[in-house]
Structures are given as structure tokens and as C-alpha cells.
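Visitor: What follows is each chain in one-letter form.
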Amino acid sequence: MNRPTNPDRLHALDAVRAGALLLGIVLHATMSFFFVVPARDVSQGTVPAVAFFVIHTFRMTLFFVIAGFFGRLLLQRRGVRGFVKDRARRVLVPLTAGWVILAPLTIAAVAWGLTRTFPGGDPGGAAAPRGIPLVHLWFLYDLAIFSLLALALRAGVAALDAGGSARAGLDRWLDRVLASYLAPALLAAPTVAVLSRKTDWAAWFGIPTPDIGLMPQLPAMVAYGTAFGLGWLLHRRVDRLDTLARQWPVNLGLAAALTSVCLAIAGLRPDLSAAATTGGIEGGAPMRWAYAAAYALSIWTWTFGLLGAAVRFLSGESAVRRYLSDASYWLYLVHPPIVFGLQVMLMEVPLHWSIKLPAILVVTMALLLSSYHFLVRPTALGELLNGRRYPRRALQDAGRDAGPRRIRALAGAAGGPVDETSDPETVAALVNVTKRYGTTVALDGLHLEVRPGELLAVLGPNGAGKSTAIGLWLGTLQPDEGTALVMGGPPLEAASRLGVGVMMQEVALAPTLTASEHVALTSSCYRDPLSVEEALDLTGTRELARRRYGRLSAGQKRQVQFATAVCGRPRLLFLDEPTVGLDVPAREAMWKAIAKLRNDGCSVVLTTHYLEEAEALADRVVVLARGRIVAEGSVDEMRALVTRKRIRCASSVDVGAMRSWPGVVEATRDADLVNVTASDAETVVRRLLAEDPDLRQLEVQQASLAEAFTEITREAA
Amino acid sequence: MSGATLAAARAPLPLARVLRAYLQEARFEVLAALRTTGLALPFIAIPVAIYLLFGVVISGSAGGGELGPGIHNYLFVGFAVLAVAMPGVFTGVTVATEREGNLLKLKRALPLPPGATIVAKVAMAMVVAGIALTLVVVAALLAAKITLSPGQLLIVWAVLFAGTIPFSAIGLLLGTFGSASAAPAWGNLVFLPMMWLSGLFIPLPDSLKRWVIVWPTFHLDQLALGLAGVRQFTYIPPELAAAVLTGVTVLCGGLAIRRLARRG
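Protein sequences, first through last, are from chains A and B.
Position 314 of the first sequence, counted from 1, bears residue number 314 in our numbering, the numbering being contiguous throughout.
Position 230 of the second sequence, counted from 1, bears residue number 1230 in our numbering, the numbering being contiguous throughout.
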């Protein structure tokens, strides 16, 4: 049965797999603080022992459940051949290569630790390798076996149960068992049977780790094989994970209780002296049986509880978790020599374990993560382990897809300095840019260029994407798709910004500096700035020069910000709603300054709500709505886009009746004056004159940009 | 605009102008901080005030107990560490305020040399810390029973002055989290345990003594005492203390730079 797999839950399972592997690193780091392998630290503690005990209970079972789940997913997606190929590449190759390189290093670290721990010779033969030491790579060996068994079993079942009725029956039965909370007990049963019969069982250490030879070990095969099989069956019906997600508090509560029972029986620390004879359990066979039952049950309640909690809380994508889960395989593979080496190095340092253990983990993770980031993630090694390689930089995809060829030529140079292919006619461009905030699309495949010396007004209602466009050009935002270019390069390069002046919205400059200090500060980062006096004169702010910024009015603050925007003699000026809060004379002074800059050859991008500002200044107007350009042209072209006219006259015609005339959009009366908005002014005027011979003061006007703009955006909505 | 003028506009700034940009940024950062009396004054006045109260007046009457008269040297260095750690850690408040006011975003949009903003913040912290530190030194010379030679005092001053840097790195990192109004709380959350639990001027119970090595303040204290040759109170080698402080600087500073590049 195949149901579509919800990718959100897969993210949770990926996080669990990574968590199980990373906990393995923690587990190994605790060992020297309660045990003799790899070394016996001078500071011994109960907390590290209990941490080991708890992690060791569930982490490999959890891992194999996920391995079984993803095993079937892989088989479904790639078929038998693809499955075998993938397992060979991602399991057998790391196993073999790891064994050749990592096992000697790990064994050397352990041997070094044991010789330091037992200077007079090894008392228990703990270090003597028996068979082929698989070290921590045994899990790959077992995974390979389970994968082969699964293929064989699947072929057998397919042959015997051709109609699928037995499998459907199994599915129904499993659903019922999972819903009834009985699954942990059923799954634990085979493990209990094997463990309670094992006479040389070191009970404190749970399932014996099969790291000492190629001969499969019965307890591990049974316990982890069950886990792999369950994972495989879980994938047959992914919504079973939701059952686990509901049960997590119960399962985790039971798990904690069962683990407490186990610790009460076996002790908080392993009893190393007794391990050889009684396995560390007092009270004979019944007690051993009880312990085995509690232990195996705790394995499955932990596993179900953690799986459920992960599906409940970690579903959905997170960049950090994604990175860590990609990294976790490499981290786990190579950690033992580092962790063990550090433990041996620190074993005689007279510090408490609560300092040494975190220190070992921090240093290990720092080394491992940096090795992953630089040596694995962008290389063939990462491709081998994770199935894909992440390039260092994603700049290469600049300027792809559509868009005029000249823009593409410019975008091609985005990685370096401008060359001859770049277009001299463009000072800034957004090439097929898409920007999202969560699920909101702020810019939707926007394509916008700024030509030299032009004043481009970007209009649009709130939320249209104006400020987002400016942010992309300034490099304070990064596009999800497409490319932003400024002065012939990407905005993130300081060289691109050397010719750019900026006035942002809602910026709080340092309140204790004066206006002229702010200008001096900003101008210091440009090549050939105006002098402070020149900048203040140009912007009409000379009388503010010595006043502290924090004591200025809102409008005066905008004026000072304008002065800092122009002080670097920019070739390209971004003004994001510059005249908000200005009084009329100040606004006109700013307009004059902007016009002067444009006349001197500076390109200006201006966003505004004040339409008369665009009418007064703009060479070209672009109207944005919902992240797209809905209209573009000169101010006149924009007005021509809409045909409406305003008619005013003094007349006694009934306004109510007028509204039903053909060509009339709206009609109002103000004392004896009538205001009419008309889509067909000529017809309406003819009829007006016919109906009212006394009509006076007739006036017909083209609609303002405001009306044009409102109409365009309404149509786009 | 022709391709040639575009290319000219992109040519890198001459070194002198780059240095000037760094210098101006630092200069105005310091100026702005010193003019913000609400921020600068406590950092300058508090360390010397509490040193005079606790380190001189209260402990001055005591003979020093089993530690002998050397205790006055130890207390002096401890309070001097306080004087540099405080402006360092609380750099975060400035960062958070500027982040919230979009000022750091504006600076990312300007062609400011990379790092100028951060260098300026550290310089600002160092100037404030330098003043506070000098006041503590003067107070020690005038009022306390310290037995350090002028050479030792100079070493302590220089080490602690440079020691502002790791604390600024911590502050910068703190400033990248949370809002401007929460920033002082974050600062205190880090600063208060660091001061009281590192054993610089109050005796600690044994259970806490083993933990002093986690606090950077302890390491700066040890570095200053170790390099000045105050053997009686040198518990760890100065190389180790220097290594820890360098680690803190690289780790916190690196993370802060990374976060500011994305969120500033």
C-alpha cells in the first residue's frame, strides 16, 4: 500500500536519525568518567554513567527503526537495483574505507588509554582484540545484513502472498497493536528471550555491542533486526507515525520509570568486578529475567516516545537541523579517535568531569563540524555520504533563465569585476527576482532596470514590494531566486556600493551626534565625497549643522538622512519614501536637490506614496502590486493608461439622475458646483450642455496620477 | 554611464581612505558613547566607587587574614577586571539598539569597509574601559595598601586594557540576540554570574571554586596577575589564561560577525 509521504514527517525522522548518531558521540565521551575503556579518568562520576546507560538503552534501536523506514522508502523510490547500488555506496564503502582508516586510529587511542590506565599491564584482557574488531562501524555491517535480509524476505513474501491479503491483514493487525500501547511489549519479547538466556551477559551494558567480529551476534541481530523490521513496516503506512506522535508523553513517562527500575537493579555504575561472574545482577535467574524484561521494554518505550515527540515537535523544515542531519553521518563515522584521544590526553588533568566532559564535546564538535564544512560538504565525500554535494557559493546561478540578453551579460559578471560585456545602459537591475517571507511572496519574478541618469519612481500600495526591491539592491536582503545587480556587480561587494547613496525608511541615527558629524561620518566611506558644508548646502540643512540628531523633529531628521545619502557624490541614489514627515517648503527644497542631482547625471530610484512627488520628478514610473510590475512608463503614459477625466461646472442638473448617464463614473455636488468623474468626457459634456443651458464655469481635467494609480492597482488586485 | 565610468566607480579605495574610514567610524562611535552619559557614566564611575567601598574601606581595616597583606593586590586586580569587563559586555546594548533602529542595516548598505562597525564598537568599549580602569588604578595608588611596583601596575593596566577585547566579543554576540529593551537583561545575565562566581573579590565555597575556570573574568585576572609576577595568586599558567581568552574572542567574535552580517 502506498500513500503519499508527508515530507514534514520525513524531516522529523531525519532529525531523529541525526540525534541518535550525535548522542553516540556524547555516549562515547562519557566512558572515561566511569569506565576503564578507553581510559580511566582521575575524576569519576555517577552522572556520566547514568547518561551512558540511558543513551545506550535506545540510541541504536532508534537508529535502526529509522534505517528500516528509509530503507523501504529507498526501495520504493529507486527499485531493487537502485537500492542495492545506494546501500553499496553509502554503507559498504564507508564501512570498508572507515575500517581501513578509522579502526587502527581508534584502537591505537584505546590502547594508549589502557596502557596509561594500567601501567603494569592490562588486568582484564579488555584491550585484546578478538576476531576482526569492527569498532563502532559494526552498525554499518549489521545494516548491510539487514538490508540484504529485507530484500530476500520481501521477495519471499511477494511470492507467497501474491494477492497482498496477508500483508493487508498484517497492516490492520499492526495498526491495532500500535493504537493499544501493546507494541513495546510485543517488540520487546524476542529480545527478552535472548538476553535472559545469555549466561555471560554484562547486564548493565544492555544489548551486547557486536563490535568484535564478523560473525553476527544473536542478541544484536534479534534486537536491532526487530527495530529495522518495525521501521520497514512503519513506512508501509506513514500515518502510523501520527499514532506515535499522540502517545509520546505516555511512552516517555513509562520509559523513564522502566529505566529507573533497571538502574535500581543493576546499579548506577557498572560493577566491573562482578561482571564476569553474575553479570552484575544479584538475586539469581528470576531477577535477571525481570531485569531483561524491564530493559527491553524500556528500549521500546524510549524509542516510541522519542519518535513520537520528534514527529510532534520537529516536523517541518529547519536549516539548522537540515545541516546537522547532513553532517551527522560524517561526524559519527570519524569521532572515535578524536573523542578517545581527548579522553586519554585529559585523563590525568586534575579537573572535575563536569568541566572535562563538556570540554571534550565542544572540542570534538568544533573539529568535526569544521572538517565537515570544509572537507566533506562541498566535496565528493559529501556526495558519497549524503547523496549530494553543496557548492560553496550559489552565485553561479546568477543571470539564468529569461531576461534581456544584456542583463544576462551583466549578471554573468556578477562574480567579479565588470568586463566589456556588461551593459553601459544599466546601473542597477533586478533580474527575475523572487523574494519570499515565509509563505508570503513579496516579489514575484520581478524584472526591473535602472538606466543611467534617470529618475525612476516606484509606486505601489503598502506591501507591494517597494522596500523589498530596494533592500535587494542594497544587499540588506538576499533574493530567493534571481539576481540583484548594482553598479555592475552584486550588492554584497563593497565595490558595488561605492557609487551608491542610501536613504532608508525608519532609521535611527546616533542621537548624540550632530548633523554635520553624521555627514562627516558617512562621507568617510566614499572615494570623493562632498565636503560637509557642500552636502549641507545642497540639502538645505546648514542651520541644523551643530544640532544633535536626537533633538531634531521627524522632518529635520529626514533632511539630515538625505544629506548623508548624497554626501558621497553617488552615481546611484536610493530614496525610500524620502519626504515623509516634511513640511511643504522642506519637501520642495528636497525635490529641488533631487532634480539637481539627476541633472548632474546621478540615477535615482525613488519610492513614494506621494504621487505628486513622482509627477514632479520622475522620468519613468513603475507601479508594483503584489510583487509584480503592473504598469510602467512615463508619467504621461501612465496617465494615458486611464481614460478618466474630471469635469467641474456650476449647474442645477440633478446629480442623482446624472449617475445613471452613460459615461459617468461618479457625480457629486458641492453647493452649486458639480464634480463628475467620466470615462467618456465628450459625451457627458455634450449632454450636460444640452440639459442645462445656464451651465457655467465648465472645466475638464485629465485625471491625476493618483487616480490612475488607484485604478491600475485595483485592476491588478 | 559608460562601462568605463562604471569600472572606475568600482575601483577599490586607496588604503589611506580605508584607514580613514575605520578611524572616523571609531572616532564617532566613541564620541557618541561618551556623550550618552546614561550609558558611559555608570561604566566609568561604578567600578572605582565599589572598589573604594569594598576593596579599600571595608577590607582595608582587615589585616588580610591568612592571605596576608598581598590580598590588597589581589582585590585591586579583581576590581580592575570588573572595570574592563563591564563596558565590554554591555557593548551588546549598543549593538541591540542600533540593530533595532535599523542603523546596522543602513551601515551594511553603505560602502563601509568590512569590519569597520565592529572595530569601532570594540574601540569604544576600550576607551570607556581604559578610563574606568585608570580611575581604579589611581584610587589604588591613593587609597589602598597595594604593594605592586610601578612596572607591575603598568603591566596590569596594559593587560586589562587589551582584555576588554574578549568581553566586547561577548557583548557583540549578546547584542545580536533579542531586542534593545532586553539587551541590558541579557548583559546582566552574563555579567553578574561572571563577576560574583569567578572569585575575584569574594571568597567562594569549595563547590563553586572548581567552576571558576569557566568564567573569562577569572582568566583575565589570572593573566594580569601571572604576567605581573604576583606569584601568590597565580593559580593557572598565564599561557592557558591567554589561550582561553583568545578562544572566547574568536568564538564569540566570529559568531557575532556572522550573525551581524545576516541580521544587522
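Incorrect hints may appear among the rest.
What the hints assert, rightly or not - SDA-like cross-link-like pairs, simulated, lysine to any residue; straight-line CA separation at most 20 Å:
{"hint": "1", "chain 1": "B", "residue 1": "K1209", "chain 2": "A", "residue 2": "V42"}
{"hint": "2", "chain 1": "B", "residue 1": "K1209", "chain 2": "A", "residue 2": "L254"}
{"hint": "3", "chain 1": "B", "residue 1": "K1145", "chain 2": "B", "residue 2": "L1052"}
{"hint": "4", "chain 1": "B", "residue 1": "K1209", "chain 2": "A", "residue 2": "G45"}
{"hint": "5", "chain 1": "B", "residue 1": "K1209", "chain 2": "B", "residue 2": "R1231"}
{"hint": "6", "chain 1": "B", "residue 1": "K1209", "chain 2": "A", "residue 2": "S354"}
{"hint": "7", "chain 1": "B", "residue 1": "K1209", "chain 2": "B", "residue 2": "Y1235"}
{"hint": "8", "chain 1": "A", "residue 1": "K85", "chain 2": "A", "residue 2": "I107"}
{"hint": "9", "chain 1": "B", "residue 1": "K1209", "chain 2": "B", "residue 2": "W1196"}
{"hint": "10", "chain 1": "B", "residue 1": "K1209", "chain 2": "A", "residue 2": "F70"}
{"hint": "11", "chain 1": "B", "residue 1": "K1145", "chain 2": "A", "residue 2": "Q44"}
{"hint": "12", "chain 1": "B", "residue 1": "K1145", "chain 2": "A", "residue 2": "S354"}
{"hint": "13", "chain 1": "B", "residue 1": "K1145", "chain 2": "B", "residue 2": "R1231"}
None of these hints come from the bench; they were simulated from the model.
Visitor: Return the numbers of the hints above that this structure violates; sort them in rising order.
Guide: 2, 8, 10, 11 and 12
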